[in-house]
Amino acid sequence: MSGLDKRMSAAEIVAQLSDGMTLGIGGWGPRRKPMALVREILRSDLKDLTVVAYGGADVGMLCAAGKVKKLVFAFVSLDAIPLEPWFRKAREAGQIDVLELDEGMFQWGLKAASFGLPFLPTRVGLGTDLAELGGLKTVQSPYADGEVLIAMPALKLDAALLHFNRSDWRGNVQVFGPDVYYDEWFARAAAKTYVSCEELVDRMEDHYPEDAQANIVERAFISGVTEIPGGAHPSSMPPHYGWDMKAFKAYSDAAKDPGDWSAVADRFVGSDEATYVAANGGLEAVKALPLPIF
Amino acid sequence: MSDVTLAELCVFACSEAFRGNGEVVATGVGPVPRLAASLAKLTHTPELMMTDGECYLVEQPVPLGPRGYDDRKKAGYLPFSRFFDAAVWTGRRHAMVTPTQIDRFGQINLSQLGGTHQQPKTQMLGVRGFPGNTIYHPNSFFFPSHTARVFVPGEVDMVSGVGYNPAKRVPGGNYSAVDLRRIVTNLCVMDFGGPDNAVRVISLHPGVTFAEVQEATGFALIDAVTGETALPGPEELAIIASLDPHGIRNSVIKDNPPARKAAA
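Residue numbers (the numbering used here), protein chains in the order written: chain A, 1 to 294; chain B, 1001 to 1264.
Hint data in this document are derived by calculation from the structure and do not stem from the laboratory. Incorrect hints may have been included.
[As the list claims (entries may be wrong)] Cross-link-like lysine to any residue pairs, in silico, SDA-like; alpha carbons within 25 Å at most:
| no. | chain 1 | residue 1 | chain 2 | residue 2 |
| --- | --- | --- | --- | --- |
| 1 | A | K69 | B | L1113 |
| 2 | A | K137 | B | E1155 |
| 3 | A | K89 | B | G1115 |
| 4 | A | K137 | B | G1172 |
| 5 | B | K1121 | A | D253 |
| 6 | B | K1073 | A | H240 |
| 7 | A | K287 | B | D1070 |
| 8 | A | K249 | B | H1246 |
| 9 | B | K1121 | A | P82 |
| 10 | A | K6 | A | F176 |
| 11 | A | K89 | B | T1116 |
| 12 | B | K1074 | A | A214 |
| 13 | B | K1073 | A | D211 |
| 14 | A | K47 | B | Q1119 |
| 15 | B | K1121 | A | A254 |
| 16 | A | K70 | B | K1121 |
| 17 | A | K111 | B | F1080 |
| 18 | A | K156 | A | L136 |
| 19 | A | K111 | B | E1054 |
| 20 | A | K69 | B | T1116 |
| 21 | A | K246 | B | G1030 |
| 22 | B | K1073 | A | F176 |
| 23 | A | K137 | B | T1116 |
Excised from the complex, chain A in its bound form (with noise of 0.2 Å):
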């Protein structure tokens, strides 16, 4: 093949990010969360990262695995269980450093950073304690209406991880959930953006032409591709799957009790991706897993 050839293994693309980054991760809470590639970090030394995400149990793990220096966030949830609660340990233990944003302003600022200019204005942020909190400036207007703004800043990051549906080794993807949050953007702001798929092919166009407007962001932005069916679970991966919420609660519990991740990660980790899934009933019954109604 050639320099095109972005084929990765899961510990190959971990190994590709280093202590200190800055890690963008797609998805939206409970929902189309690269938690294969999440765990793979878990299962590794990485340390210190600055986690920029609309979170769920990915950021309630790396919290809890103490991987994580800052977080970005607007919210960590999952969804049915509200309050994600490895996130508020680590919160209420005043373990990490935090970004706290609007849920529109962290796009604004992925948006920034894809455009590479400095910041993107808003009124988003003015008249609450975002700004004063999170060190955020204002700008004013050079027109004639002089407004005042908030400069939401580039929300830059070292490398971003995705879970889509389809790639190709060149980094063709297709995505088919009903909502691709803001996935491109994130791969857009990202120096390097690594994708986990639950189906790799060869040439994407001697496959699935058809689908070709299901691919939401272009392969420039892509810098490796990893095939892992069920790479999602326990979040949801329409339209192949639906969230594990029976997961979500056994690790919800285990935050209360026994309250210590290292004595439960092996349960929500693993030794590696195949023990994994086995451990949780295997591919056929995560794929199996309903789509959630709302």
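Since the structure of chain A is provided, determine the placement of chain B on it from the hints.
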């Protein structure tokens, strides 16, 4: 209608917040606000737009609770990936939400309680979309338990949503779209119609007194009560029941009391 529950009265009172709103996205977060938005669309304000709770716009409101995945009838599309562009930052939305705290300025908090920002005593969800919602489009609130822990004295622990606090407003900012509409609780209906947008009680639920509401509130309220909060009629009750076939509304308010308090 002696068998109307307080939760149903609240749905009906909340639905009034959406009356005449026109073609905006009505978002009700939680069972009562969601039923209220749906009831408004099915009765007095069919122009309202709403989603299925995931990402599709529906013209037929989606019932609460378990149902077939494809039961929703998709009429349009409004995913998170378009939400700020289309609904929030254009002001074409009215949200009704339940923050953890609210203060006399209408400032709301969903993020953290006590402690410091570095180490809160209780971490909650985070500010979510409240800062953007409150500076761009109308908002209303529903609280199933009206207490001074919710309606706090002073200010909320972390200001997650913009209110009418002049001290909080950076000079030169545009606050023209800040528009806090109604507050519905298990005791009464309030608005921000007092001097400098002070909170007023505009109706009391059957059997509730202004003094009781004041007692349960951490700041001074204005008595602008014009009467008793209206009860839903048979048509509204039937619609509410059809939108909530599993009776999720019955668990919203402690002990699911009737709308009219039993005589002591």
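Status of the hints after comparison with the structure:
no. : hint             : in the structure
1   : A/K69 - B/L1113  : holds (22 Å)
2   : A/K137 - B/E1155 : holds (23 Å)
3   : A/K89 - B/G1115  : holds (14 Å)
4   : A/K137 - B/G1172 : holds (14 Å)
5   : B/K1121 - A/D253 : holds (20 Å)
6   : B/K1073 - A/H240 : holds (21 Å)
7   : A/K287 - B/D1070 : holds (18 Å)
8   : A/K249 - B/H1246 : holds (22 Å)
9   : B/K1121 - A/P82  : holds (17 Å)
10  : A/K6 - A/F176    : holds (21 Å)
11  : A/K89 - B/T1116  : holds (14 Å)
12  : B/K1074 - A/A214 : holds (19 Å)
13  : B/K1073 - A/D211 : holds (23 Å)
14  : A/K47 - B/Q1119  : holds (21 Å)
15  : B/K1121 - A/A254 : holds (20 Å)
16  : A/K70 - B/K1121  : holds (18 Å)
17  : A/K111 - B/F1080 : holds (15 Å)
18  : A/K156 - A/L136  : holds (15 Å)
19  : A/K111 - B/E1054 : holds (23 Å)
20  : A/K69 - B/T1116  : holds (17 Å)
21  : A/K246 - B/G1030 : holds (22 Å)
22  : B/K1073 - A/F176 : holds (19 Å)
23  : A/K137 - B/T1116 : holds (21 Å)
Checked against the numbered hints listed earlier, the structure breaks none of them; every hint is satisfied.
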